[in-house]
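Student: Protein chains in written order, with the working numbering: chain E, 2 to 207; chain W, 2 to 207.
Each hint should be verified, as a subset may be incorrect.
A pair holds if it fits inside one copy or across any two, identical chains being indistinguishable in the list.
DSBU-like cross-link-like pairs, simulated, lysine-lysine; straight-line CA separation at most 35 Å [to be verified]:
#	residue 1	residue 2
1	171	28
2	43	68
3	29	201
4	24	201
5	76	205
6	64	19
7	112	24
8	24	76
9	43	4
10	68	205
11	57	171
12	4	154
13	201	154
14	68	201
15	205	64
16	154	205
Because the hints were derived from the structure by calculation, they are not lab data.
2 protein chains.
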Amino acid sequence: MDKKGILIVVSGFSGAGKGTIMKELLKKYDNYALSVSATTRKPRPGEEEGIAYFFKTTDEFEKMIAKDELIEYAKYVDNYYGTPRMYVTEQLEAGKDVILEIEIQGALKVKEKFPDTLLLFITPPTVSELRRRLVNRGTETMEVIEGRLGRAKEEAEGMDRYDYLIINDKLDECVEEVHRIIEGEHRRSFRNQEFIENMKRELKGE
Amino acid sequence: MDKKGILIVVSGFSGAGKGTIMKELLKKYDNYALSVSATTRKPRPGEEEGIAYFFKTTDEFEKMIAKDELIEYAKYVDNYYGTPRMYVTEQLEAGKDVILEIEIQGALKVKEKFPDTLLLFITPPTVSELRRRLVNRGTETMEVIEGRLGRAKEEAEGMDRYDYLIINDKLDECVEEVHRIIEGEHRRSFRNQEFIENMKRELKGE
Chain E
2 MDKKGILIVV SGFSGAGKGT IMKELLKKYD NYALSVSATT RKPRPGEEEG
52 IAYFFKTTDE FEKMIAKDEL IEYAKYVDNY YGTPRMYVTE QLEAGKDVIL
102 EIEIQGALKV KEKFPDTLLL FITPPTVSEL RRRLVNRGTE TMEVIEGRLG
152 RAKEEAEGMD RYDYLIINDK LDECVEEVHR IIEGEHRRSF RNQEFIENMK
202 RELKGE
Chain W
2 MDKKGILIVV SGFSGAGKGT IMKELLKKYD NYALSVSATT RKPRPGEEEG
52 IAYFFKTTDE FEKMIAKDEL IEYAKYVDNY YGTPRMYVTE QLEAGKDVIL
102 EIEIQGALKV KEKFPDTLLL FITPPTVSEL RRRLVNRGTE TMEVIEGRLG
152 RAKEEAEGMD RYDYLIINDK LDECVEEVHR IIEGEHRRSF RNQEFIENMK
202 RELKGE
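Please model the complete structure; the sequences and the hints are all you need to start from.
Tutor: In structure tokens form, the structure reads like this:
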């Protein structure tokens, strides 16, 4: 069946636990590859080149744009963020399911370019739990909390553009659920055109 | 999340093991309900009313058609076969995933009427295995085998109209795979509009 990897975009509310789920998924199963973004923002302490990000100058980044070396990119405040194409295509060809952890605008751009992309949206189980996670982290200023609520409102508007909603209630179960959904996606007919064509052809020869 | 059941149509090549898979699925998990067809053909020895089929006279069946009491129906040779609507809608409302085991023409009619229907196609793992199962049952006449091959050719033409291809290689694994795919489908965004709308509304109220 389907030997090529699936391109997977994971988005979700701030505090939904995307990062943790992805880390667990990669630890537990070896069919996944996590795409690393390129950015022009300065590395923070502890952020390693090629692990947290590929750190680029603005000039380098704009050359990557010009050469179409990015699947998608965006500018936030004064910094570029984008997904380098080469790693993604190499890993897909090698049969890995490649995960991009990006927000909705990027997700929709990727889906437009690669219609077979699988879009997953991670959410806490209830609105009140989302609110609790957004507000009650303790240390943040009101400004940060307001910013998060504002972003959550925008993100919620895009939820139905995603293929699946993943409820992050219990981490272990959630990781399993994501894995099973992706396994199931490998069985989609449109991802198995070769198998279907082969079967049609051979049956015609009978 | 999604509380309503999913309407599932299962089709597949003769000899692919549909019946056995469905039987195991129903034995193992209690969220499924198997729809029983109505037919005008005579009961065969051992076929019980309401289990194998609902046996109807032609007159009764045509009244069901006239009253729109069937989700889909078709005539083969001189007999009608169809899916009574009431059982299906009752079970869906009760939160059961309802399985119809019907062939492609019926499957497409159901999908047209109920676009959220999940279409599963069961197939042996390879063309040669399909051929083996079609030909090598031992007792059948050449006429029966030819008939099966002809049907398989037709069925193969419709494979890509189905949502998923299920490979029946090992029965236990196949049953698990079907169950997981259906579980995953419950997480589809379009099946969780209420959850999404609720989240949007409550976030707007912030």
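Student: Determine for every hint whether it applies to the structure shown.
Tutor: A quick look at each hint next to the structure:
1. 171 x 28: Both. Shortest intra-copy (17 Å) and inter-copy (28 Å) distances satisfy the 35 Å Cα cut-off.
2. 43 x 68: within (23 Å within a copy, 70 Å between copies)
3. 29 x 201: So residue 29 and residue 201 pass the 35 Å test across copies only (33 Å; inside, 37 Å).
4. 24 x 201: For residue 24 and residue 201, the Cα distance is within 35 Å only across copies (28 Å; inside one copy 41 Å).
5. 76 x 205: This pair counts as between: shortest inter-copy Cα distance 26 Å, intra-copy 53 Å.
6. 64 x 19: within (30 Å within a copy, 55 Å between copies)
7. 112 x 24: within (23 Å within a copy, 38 Å between copies)
8. 24 x 76: Result: close within a single copy only, 26 Å intra versus 54 Å inter.
9. 43 x 4: Neither: 38 Å inside a copy, 47 Å across copies.
10. 68 x 205: This pair counts as neither: shortest intra-copy Cα distance 45 Å, inter-copy 41 Å.
11. 57 x 171: neither (37 Å within a copy, 50 Å between copies)
12. 4 x 154: Cα proximity of residue 4 and residue 154: across copies only (25 Å, versus 38 Å in one copy).
13. 201 x 154: between (48 Å within a copy, 7 Å between copies)
14. 68 x 201: Result: close neither inside a copy nor across copies, 41 Å intra and 39 Å inter.
15. 205 x 64: Answer is neither: 51 Å inside a copy and 40 Å across each miss the 35 Å cutoff.
16. 154 x 205: between (54 Å within a copy, 7 Å between copies)
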